[in-house]
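Peer 1: Residue numbers (the numbering used here), protein chains in the order written: chain W, 147 to 345; chain B, 147 to 345.
Be aware that a few hints might be false.
All copies of an identical chain are treated as equivalent in the list; a pair is satisfied when it fits inside any one copy or across any two copies.
[To be verified] With a straight-line cut-off of 30 angstroms between C-alpha atoms, the simulated DSS-like cross-links for lysine-lysine are:
id : residue 1 : residue 2
1  : Lys158    : Lys247
2  : Lys225    : Lys313
3  : Lys158    : Lys184
4  : Lys222    : Lys184
5  : Lys247    : Lys305
6  : Lys222    : Lys340
7  : Lys158    : Lys313
8  : Lys158    : Lys222
Note that these hints are calculated values from the structure, not bench results.
There are 2 protein chains.
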Amino acid sequence: MREEGPLDSLIKALARLPGLGPRSARRIALHLLTNQDKTMRPLMNALQQTAEQIRPCGTCGNLDLSDPCRICQDPKRIKDSLCVVAGVADLWAIERTGAYKGQYHILGGVLSALDGIGPDELRLHSLLERVRENPPEEIILALSATVDGQATAHYLTDKLEDITDAKISRLAHGVPVGGELDYLDDGTITTALKSRAAL
Amino acid sequence: MREEGPLDSLIKALARLPGLGPRSARRIALHLLTNQDKTMRPLMNALQQTAEQIRPCGTCGNLDLSDPCRICQDPKRIKDSLCVVAGVADLWAIERTGAYKGQYHILGGVLSALDGIGPDELRLHSLLERVRENPPEEIILALSATVDGQATAHYLTDKLEDITDAKISRLAHGVPVGGELDYLDDGTITTALKSRAAL
Numbered sequence: 147m148r149e150e151g152p153l154d155s156l157i158k159a160l161a162r163l164p165g166l167g168p169r170s171a172r173r174i175a176l177h178l179l180t181n182q183d184k185t186m187r188p189l190m191n192a193l194q195q196t197a198e199q200i201r202p203c204g205t206c207g208n209l210d211l212s213d214p215c216r217i218c219q220d221p222k223r224i225k226d227s228l229c230v231v232a233g234v235a236d237l238w239a240i241e242r243t244g245a246y247k248g249q250y251h252i253l254g255g256v257l258s259a260l261d262g263i264g265p266d267e268l269r270l271h272s273l274l275e276r277v278r279e280n281p282p283e284e285i286i287l288a289l290s291a292t293v294d295g296q297a298t299a300h301y302l303t304d305k306l307e308d309i310t311d312a313k314i315s316r317l318a319h320g321v322p323v324g325g326e327l328d329y330l331d332d333g334t335i336t337t338a339l340k341s342r343a344a345l
Numbered sequence: 147m148r149e150e151g152p153l154d155s156l157i158k159a160l161a162r163l164p165g166l167g168p169r170s171a172r173r174i175a176l177h178l179l180t181n182q183d184k185t186m187r188p189l190m191n192a193l194q195q196t197a198e199q200i201r202p203c204g205t206c207g208n209l210d211l212s213d214p215c216r217i218c219q220d221p222k223r224i225k226d227s228l229c230v231v232a233g234v235a236d237l238w239a240i241e242r243t244g245a246y247k248g249q250y251h252i253l254g255g256v257l258s259a260l261d262g263i264g265p266d267e268l269r270l271h272s273l274l275e276r277v278r279e280n281p282p283e284e285i286i287l288a289l290s291a292t293v294d295g296q297a298t299a300h301y302l303t304d305k306l307e308d309i310t311d312a313k314i315s316r317l318a319h320g321v322p323v324g325g326e327l328d329y330l331d332d333g334t335i336t337t338a339l340k341s342r343a344a345l
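In isolation and in its complexed conformation, chain W is listed as follows (with noise of 0.2 angstroms):
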C-alpha cells in the first residue's frame, strides 16, 4: 500500500522525533491506529493540554505551567546560589538527584562555532542582567564537558567576573560513580588522577 493522507504524515511526524526512524515510526503509528481509545486519545490530550499550559519560566527558562515557574517561585529554595545550564534536560536531570537545592537559569544551548551559536542565540542577556540585579553567591556553570560547553563555561567566566565578585565554579570531573577504569578514556582517567582526593 501506498501510504498517502494522514498516516503518511503521522508516520514522517513521528520519524522525526529524536531516536526513531521510519521503522519505529510505522510501529507506533499501527499501535495509535489500532488501539485509538487506550493509547491515541490519551497522546493527543497530553500533547493539547501540555502545548496549551506549559510555558518557559520568564527568570530562568524552565518549562512549567507557571510563569515564574515553580522552582523560581518555591520558598524554600536558596536564593543565593544560581546553577547555570545549557537546557531543560539538565536542569531535570540535576533535579532528579535531589542534590541541588538553588536557582537555575537555562542558556538554551552551548556556543558553537560549527553551529553558529553565538552569545546572542543564547539566554545570556538575562543571565547577566539577572546576576546584575540580584547578585548570587555562587555561580555553578553545569555545562556539559565537551569542547563547547567548556568554551561556554570560558566564555561565561569571563563575562561573570567582569559584573560580579560571586564564586564561579564547575562540575567536578572524574571517574563516573559506578565507572570502571577500563572502559574511561584517556582524558577522564588523566583529570581524574590530577584531581584526586584524600581518603
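Chain B: place on chain W using the hints.
Peer 2: Then chain B, alone, in the frame of chain W:
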C-alpha cells in the same frame, strides 16, 4: 523538578508506545516542547487527522481513508486470490514488496491459548462468510512461522476446506534471502533442505 500535570501525562503516554521507555519518552517530550511549531503542531495535526479520517475497511480489515479500502476498491487487482494475514503491519509488509496483486483479509491476530485468543476474537467469521459468498481460486495463509501462527493456519485450513475447493497455500519456509547459514536455527535449515529446489 517533580513533574506533574500535563507534561507528566505526555511522558507517560509516550512511554507506553512500542519501543519507547521513560527515558526516551522524556527526551521526546522535551524535544516536542522546545520545538513546538516545528514538531509538536505537525504531530498533533497528523494525529488528529489520522484519528478522524482513518478507519478499518469493512471488507478486509485494512486501515485506510475509505471503506472499502483502496485495495478492495482497486479494479486492477486480482479478485480470485485472497491473502490472509494476521495484522495490518503484515499487509503493509507484503504490499511494500509489490509481489502480490490480489485481495487481503486481516485476521486481527492469531489463535493463542496462552493469550486467551480464540476463534471468536479474530475476524474469522467474516473470512468464512467472504469465502462462501465470493469463492476465490486460491487462499494464501500468510501467517507467521511461529507455533501460534502455524496452529492458526491449520485451524483455518480445516474450516476453509469445509466450504471451498480453493487451493490453500502457505508462504514458503527456507533460508531468508541474504541470510547466512551459520546464523540460522536448525529448524529453518532442516525445512530448507527438505524443500530444496532444483537449479
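Peer 1: If any of the earlier hints don't hold here, list their numbers in rising order.
Peer 2: 4, 6, 7
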